[in-house]
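Chains as they are written, first to last, in the working numbering: chain A, 473 to 764; chain B, 379 to 802.
Where hints are given, some of them may not hold.
Chain A is faced by these chain B residues, among others (derived, beta-carbon under 8 angstroms) [stated by the list, open to error]:
{"id": "1", "residue": "451"}
{"id": "2", "residue": "472"}
{"id": "3", "residue": "477"}
{"id": "4", "residue": "486"}
{"id": "5", "residue": "554"}
{"id": "6", "residue": "557"}
{"id": "7", "residue": "618"}
{"id": "8", "residue": "619"}
{"id": "9", "residue": "751"}
{"id": "10", "residue": "796"}
Calculated lysine-lysine pairs in the DSSO-like style (CA-CA distance at most 30 angstroms, straight line) [stated by the list, open to error]:
{"id": "11", "chain 1": "A", "residue 1": "729", "chain 2": "B", "residue 2": "494"}
{"id": "12", "chain 1": "B", "residue 1": "527", "chain 2": "B", "residue 2": "649"}
{"id": "13", "chain 1": "B", "residue 1": "510", "chain 2": "A", "residue 2": "729"}
{"id": "14", "chain 1": "B", "residue 1": "494", "chain 2": "B", "residue 2": "510"}
{"id": "15", "chain 1": "A", "residue 1": "729", "chain 2": "A", "residue 2": "639"}
{"id": "16", "chain 1": "B", "residue 1": "791", "chain 2": "A", "residue 2": "729"}
{"id": "17", "chain 1": "B", "residue 1": "791", "chain 2": "B", "residue 2": "449"}
{"id": "18", "chain 1": "A", "residue 1": "639", "chain 2": "A", "residue 2": "574"}
{"id": "19", "chain 1": "B", "residue 1": "449", "chain 2": "B", "residue 2": "527"}
{"id": "20", "chain 1": "B", "residue 1": "791", "chain 2": "B", "residue 2": "494"}
{"id": "21", "chain 1": "B", "residue 1": "791", "chain 2": "A", "residue 2": "639"}
Facing chain A, according to a computed beta carbon distance under 10 angstroms, are these residues of chain B, among others [what the hints assert, rightly or not]:
{"id": "22", "residue": "443"}
{"id": "23", "residue": "447"}
{"id": "24", "residue": "452"}
{"id": "25", "residue": "494"}
{"id": "26", "residue": "620"}
{"id": "27", "residue": "786"}
{"id": "28", "residue": "788"}
{"id": "29", "residue": "790"}
{"id": "30", "residue": "791"}
{"id": "31", "residue": "798"}
FYI, nobody ran anything at the bench for these hints, they're computed from the structure. Beta carbons: idealized from backbone N, C-alpha and C, even for Gly.
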Amino acid sequence: MKRPGAGWSFAAPALIVIGLFFVGPVVAALLLSFTDFDLYALADPHNLRLVGLRNYVDVLQTPLFWQALGNTLYFVGIGVPLSLLVSLGAALLLDSRLARCKPFFRTALFAPVVTTIVAVAVVFRYLFHTRYGLVNYGLGWLGLEPIDWLGDAAWSMPTIILFAVWKNFGYNMIILLAGLQAIPQELHEAARIDGAGSWQRLRHITLPLLAPTLLVVSIITVAGYFQLFAEPYVMTRGGPLQSTTSVLYFMYEEGFKWWNLGRASAIAFLLFVLILAVTSLLLRLSRRWGAA
Amino acid sequence: MKPRLAFWLALAILALSLCSCRRADERTVLRFWGMGREGEVVAQLIAEFEREHPQIHVEVQQLPWTAAHEKLLTAFAGDALPDVCQLGNTWLAEFAALGALQPLDGYVAQSPIVEKDDYFTAAWDTNVIGGKLLGLPWYLDTRVLFYRKDLLARAGFLDAPRTWEQWQGAMAAIKSEAGADAYAILLPLDEFEPLLQLALQQDEPLLLDGGTRANFRSAGFRRAFAFYTDMFRQQWAPAMSDTQISNVWNEFARGFNTFYITGPWNIGEFKRRLPAELADAWATAPLPSSDGRGGGVAGGTSLALFASSRQQQAAWQLIEFLSRPAMQLRLHALTGDLPPRRSVWSEPALANDEYAQAFRVQFEQARPPPPVAEWERIAIAMQLAAERVVRGGVSSEDALARLDAEVDAMLEKRRWMRAQEQAR
Chain A
473 MKRPGAGWSF AAPALIVIGL FFVGPVVAAL LLSFTDFDLY ALADPHNLRL VGLRNYVDVL
533 QTPLFWQALG NTLYFVGIGV PLSLLVSLGA ALLLDSRLAR CKPFFRTALF APVVTTIVAV
593 AVVFRYLFHT RYGLVNYGLG WLGLEPIDWL GDAAWSMPTI ILFAVWKNFG YNMIILLAGL
653 QAIPQELHEA ARIDGAGSWQ RLRHITLPLL APTLLVVSII TVAGYFQLFA EPYVMTRGGP
713 LQSTTSVLYF MYEEGFKWWN LGRASAIAFL LFVLILAVTS LLLRLSRRWG AA
Chain B
379 MKPRLAFWLA LAILALSLCS CRRADERTVL RFWGMGREGE VVAQLIAEFE REHPQIHVEV
439 QQLPWTAAHE KLLTAFAGDA LPDVCQLGNT WLAEFAALGA LQPLDGYVAQ SPIVEKDDYF
499 TAAWDTNVIG GKLLGLPWYL DTRVLFYRKD LLARAGFLDA PRTWEQWQGA MAAIKSEAGA
559 DAYAILLPLD EFEPLLQLAL QQDEPLLLDG GTRANFRSAG FRRAFAFYTD MFRQQWAPAM
619 SDTQISNVWN EFARGFNTFY ITGPWNIGEF KRRLPAELAD AWATAPLPSS DGRGGGVAGG
679 TSLALFASSR QQQAAWQLIE FLSRPAMQLR LHALTGDLPP RRSVWSEPAL ANDEYAQAFR
739 VQFEQARPPP PVAEWERIAI AMQLAAERVV RGGVSSEDAL ARLDAEVDAM LEKRRWMRAQ
799 EQAR
């Protein structure tokens, strides 16, 4: 009987912290999502009403929620594969034996991850400025018409995706690089002796052995990209024409701009269910793929 | 180990409390939150306040307008509000609903400096919520007509229009003169202010029953709404948002639009940004109205004292100081902000400013927007209804019916609270 007690007491500090700062708030938010907690309730608790599932029904009937969901899926659908490709490409280049100055490039490619998003957004807004931007200058040099990157509803999301991929690919790159370096060189050598080209080695040795790492990275990235917020917040404020309003941005406005915390909590839980569904689908698919 | 720890803790707490006591003994510390440009320059005025009141020290914190609202609400929730704050008029109702504001009636009654009659009536009334004065007007905001005199004259008009009818005639003439690539007026479709000005010229209120019911299908609002959307239908105004116009001053300078509805800060911007040859080619005028009486939104910013402040007397002294005519004149010199006191307007700096006069004339007739916490959201919904008609091809009748339904849904909580109150 002594042992479990000791175990619990060792785990207690961590459990208390997790309970206080994670489980507690999550349960509170869940309860909040069944109330109409708002400005008036903040002023006087008597103005709080239990509304059951009405927040969820309301949110699902709000056109902006569906638009935000569409924007988010657009961002995840294009951004995640693009980000993984760039990360994998950069990791492969860094892992190549032909590469020189590896530590320098590794640091340089990782640098965007540790930059401050607000400061970088200022630079990007200049780069993508319709008239003075370097990007449009380059387009003009190629003889193309300037594009209103952040002001045109059709181009704003691609710009945000570019920004997010540039900002985040270094993180995945480091994880993938570690995975690549764990692949035994003997396998490559053996394949080379058997006459396999570099493409065949990538397809039949590198990628299969990297699959578990890729799975982890893609799940982290999907979960992260679903929570798109900072990029539109600093670049476009959800505009133009709400084309960069993500689900999380919608939640932020509902919660902290209009102070409808009950409804904002409901949005948060809808997003949670969505991310859970997508990531478990990814896991299941990968298991089936692994079995086959 | 344990008693020792307790001893050190006690010592630390004692030391801390001693420190804070000593500091409080020396000087009262007031916390002031200012926003945007005023937050930057108010320190210059406050330096003088501190010279007059050596026992008070004011800590100024600057907030950007875009983040101020969230920050204030979060501060209320976290019980960390400052003593005095600069508060947009449309936010007063919200903080009044929270019970966060200290009524100023008692202070004003005894003040030799603050005279109710010297303030523009509309500006003062905006600060009275539920019969109590919850803020003191600091500077005014209403939107007037900025226009190109030369282009208007070329279309055959020497004076700015005063009624909607004259305005429509001028816009039609300008448009036929200007051709397909230029317009008579610029009304960015994502700005609710121009439509709101026209709506508040009407006698019918926008909300009914103590701000619990939408009233956007009244004859008055229909009139304003029809006038607004008609400017797009006639091609007098381009169906554009702010983001599609890279630089309003450039467009104005190259004659893209003759009329533009905007606020006091643009007097300075127009002086600074328009090319020298156009320096005398523009003017301001009060907004035309359907009956020629004028009118618009009585907006602006107030100084508010938070109920949570523990140094109410000192905080009031600061508000009173900033409300002095001399200080309001200084603020105008520093920022171009328009003072809410009539006596300041007779000073040469303002009396001789032909651009500022339009604001004064309009302000005498201006009305405050409905004092409900949900107002900003309602105004955005109102503008979205106009955008649906202009861009989406929805009929006005459908757009207004939807707007009424949306706003009624936003006000559901207010209706419930009102019913609760009446039941009690």
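Q) Does residue 494(B) pass the interface hint, meaning its C-beta sits closer than 10 angstroms to a C-beta of chain A? A) violated, 28 angstroms
Q: Report holds or violated for the interface hint on residue 477(B), using the least CB-CB distance to chain A and a cut-off of 8 angstroms.
A: With a closest approach of 5 angstroms, the residue 477(B) hint holds.
Q. Does residue 452(B) pass the interface check with chain A, least Cβ-Cβ distance below 10 angstroms?
A. At 7 angstroms from the nearest chain A Cβ, residue 452(B) passes the 10 angstroms test, so the hint holds.
Q. Within a Cα-Cα threshold of 30 angstroms, do residue 510(B) and residue 729(A) meet the stated pairing?
A. Given pair residue 510(B), residue 729(A) holds - Cα atoms ~26 angstroms apart, limit 30 angstroms.
Q) Is the hint on residue 443(B) kept, meaning its closest Cβ partner in chain A is under 10 angstroms away? A) At 13 angstroms from the nearest chain A Cβ, residue 443(B) fails the 10 angstroms test, so the hint is violated.
Q) Once the shortest beta carbon distance from residue 472(B) to chain A is found, is it less than 8 angstroms? A) holds, 6 angstroms
(Q) What's the verdict on residue 791(B) and residue 449(B), does the C-alpha distance respect the 30 angstroms limit or exceed it? (A) Judged against 30 angstroms, a Cα distance of about 24 angstroms means the pair holds.
(Q) Can you verify the interface hint for residue 788(B): is its Cβ closer than 10 angstroms to any Cβ in chain A? (A) holds, 9 angstroms
Q) Against chain A, with CB atoms and a cut of 8 angstroms, does the hint on residue 554(B) hold up? A) The hint is violated - residue 554(B) has no Cβ within 8 angstroms of chain A, the shortest such distance being about 30 angstroms.
(Q) So, as I understand it, the hint says residue 798(B) touches chain A; can you test that by seeing if any CB pair is closer than 10 angstroms? (A) holds, 8 angstroms
Q.
Hinted pair, alpha-carbon criterion (30 angstroms max): residue 639(A), residue 574(A). Please report holds or violated.
A. holds, 20 angstroms
(Q) Is the interface hint satisfied for residue 620(B)? The criterion is a beta-carbon contact with chain A at less than 10 angstroms. (A) holds, 9 angstroms
Hints 4, 5, 6, 7, 10, 11, 19, 20, 21, 22, 25, 27 from the earlier list are contradicted by this structure; the remaining hints agree with it.
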